[in-house]
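Asker: Residue-level listing of the chains:
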Amino acid sequence: MIKIDLASFLPIYEQIKKEIKRKITLEVLKPHEPLPSIRDLASELIINPNTVARAYRELEREGFIYTRKGKGCYVSDNSASLIKKERDRTLNQILDQVIEEATKFNLREEEIKRLFEQRLRLVMDEKKKGGRDE
Amino acid sequence: MSEILKMQNLNKRFGRKIVLKNFSMALEEGKVYGLLGKNGEGKTTLIRMIMGVIPADSGEMFYKDKKINFNDSSYKKQIGYIPEDPFFFSWMTIKELLDFNSSFYPSWNFRKAMDYSERFSLDKKTKIKHLSRGMKLKLGLIAALASEPQLLILDDPTSGLDVPTRQDFLKDIVRELSDAGTTILFSTHLVHELERIVEHLSILHGGHLILDDDYERVKDLTRRVRMTFEDSLPEQIEMGGILSELKKGNRMEMVIYPWDVEKERKLNMFSPLRLEVEPLSLEEIFVSFVS
Chain F
3 MIKIDLASFL
13 PIYEQIKKEI
23 KRKITLEVLK
33 PHEPLPSIRD
43 LASELIINPN
53 TVARAYRELE
63 REGFIYTRKG
73 KGCYVSDNSA
83 SLIKKERDRT
93 LNQILDQVIE
103 EATKFNLREE
113 EIKRLFEQRL
123 RLVMDEKKKG
133 GRDE
Chain E
2 MSEILKMQNL
12 NKRFGRKIVL
22 KNFSMALEEG
32 KVYGLLGKNG
42 EGKTTLIRMI
52 MGVIPADSGE
62 MFYKDKKINF
72 NDSSYKKQIG
82 YIPEDPFFFS
92 WMTIKELLDF
102 NSSFYPSWNF
112 RKAMDYSERF
122 SLDKKTKIKH
132 LSRGMKLKLG
142 LIAALASEPQ
152 LLILDDPTSG
162 LDVPTRQDFL
172 KDIVRELSDA
182 GTTILFSTHL
192 VHELERIVEH
202 LSILHGGHLI
212 LDDDYERVKD
222 LTRRVRMTFE
232 DSLPEQIEMG
242 GILSELKKGN
252 RMEMVIYPWD
262 VEKERKLNMF
272 SPLRLEVEPL
282 SLEEIFVSFV
292 S
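Sequence order for the protein chains is F and E.
Letter 98 of the first sequence, counting from 1, is numbered 100 in the numbering used here, and no numbers are missing.
Letter 111 of the second sequence, counting from 1, is numbered 112 in the numbering used here, and no numbers are missing.
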């Protein structure tokens, strides 16, 4: 089941992309397995088929899925590793920003590491306790 | 993409009331257009002009680049039209009505008419005067879709119907979109249904379109900003695009279009304790633009 939220910041086609990538990561959708047809997914979610088509088109362009003419869309062989790469890229960008900010404060490498590890332990502990206050 | 319907500088008045004033709009093939406007803003008048029911006082209309003259009915064979209260000869049975309609359309799809009738469990021998409002809508949908229209015009067809019936109707429209890629002009005041399928948003207000843009773009550029201040609110916030403003104690709320990060930066300079930015639903966007 793909869920969409009309109240979200994210456009519907982005939500569909995200949900499909999540299913690929969780191996609910495995390589070479078919995606629901545009018609079926549009009917199920009661949304414009052009929106589903746009999500699929972008996923294909980004290499996560491929199309077989007249048959539909399938999960690419290397989709899971592509998603991991994409995830790493996003996280690295955030880390770069943190490092950039830290060097502005003249922090040395060890200090940045210490801060990061301290924070990591704190956040993880609180997650274990169940939920973290904002 | 090519234009299926174009209206240029349409004017229409009823007595002293100006309904349309230099109204222009173009519909690209294969897209779903949402036409919104408060009651009495002239949506139905506009649609009836497209359908050749009433003439414009001035201005031009084109169907696929061909100029439409009033009384010219050929282009109408390519348009499916479901008005709010479809008129059918009440003494006819469903079968008689569909047969009657089929004679007007060279492209009539008998198979489709039959499939839909079966799916809707419409008994072909039932007289139209015995149909409920929901059943009439279904019949209207069959009549409109069986003609294989290139453009489907819906004038508030689901008003007064219950939620499941409206949901079914929307599902049928989605199916039609998948199978035929029909262009749709959907006028409705049940906005959250439109929200699921709309691609282009047009808001009619004061005789012309005050908004006519890609819906994703509109959604992306419209934001509600909530700010809380330490004690009093700033005297005045000078900023373009404030559609609405609400103040209460040390809190204020604004709807801003078009929104951008520069505006967020500007607002932060008033040093609010808290600044929240959130997207709006289609219904909220509509209300913000017309109030």
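Keep in mind that the hints are not guaranteed to be accurate.
[What the hints assert, rightly or not] Some, not all, of what chain E presents toward chain F, calculated at C-beta under 7 Å:
1. Val33
2. Val175
3. Glu217
4. Val291
[What the hints assert, rightly or not] Mimicking DMTMM-like on lysine to aspartate or glutamate, the simulated pairs with C-alpha atoms at most 20 Å apart in a straight line are:
5. Lys19(F) - Glu200(E)
6. Lys32(F) - Asp7(F)
7. Lys172(E) - Asp42(F)
[Said to hold, decoys possible] Just the calculated beta-carbon pair ranges, DEER-fashion:
8. Arg176(E) - Gln120(F): 52 to 58 Å
9. Arg59(F) - Ser59(E): 39 to 45 Å
10. Gln120(F) - Asp180(E): 41 to 47 Å
In short, the hints are calculated from the structure, not lab data.
Note that the Cβ used here is the ideal one computed from N, Cα and C, for glycine as well.
Asker: With reference to the structure, classify each hint as holding or not holding.
Answerer: Going through the hints against the structure:
1. Because the beta carbon of Val33(E) sits about 6 Å from the nearest beta carbon in chain F, less than 7 Å, this interface hint is met.
2. The beta carbon of Val175(E) is positioned within 7 Å of a beta carbon in chain F (closest approach about 5 Å), and the interface hint is therefore held.
3. Taken as an interface hint, Glu217(E) checks out: its beta carbon lies about 5 Å from the nearest beta carbon of chain F, inside 7 Å.
4. Taken as an interface hint, Val291(E) does not check out: its beta carbon lies about 20 Å from the nearest beta carbon of chain F, beyond 7 Å.
5. Straight-line distance between C-alpha atoms of Lys19(F) and Glu200(E) comes to about 18 Å, which keeps the hinted pair within the 20 Å bound.
6. Only pairs whose Cα atoms come within 20 Å are accepted, and Lys32(F) paired with Asp7(F) is rejected, the gap being roughly 25 Å.
7. In summary, the hint linking Lys172(E) to Asp42(F) is supported, as the alpha carbons are separated by about 11 Å, within the 20 Å threshold.
8. One distance hint, 52 to 58 Å for the beta-carbon pair Arg176(E) and Gln120(F), holds here, with the actual separation near 56 Å.
9. Range check, Arg59(F) to Ser59(E): Cβ separation about 42 Å, and the 39 to 45 Å hint holds.
10. Separated by about 59 Å at the C-beta atoms, Gln120(F) and Asp180(E) break the suggested range of 41 to 47 Å.
Checked against the numbered hints above, the structure breaks hints 4, 6, 10 and satisfies the rest.
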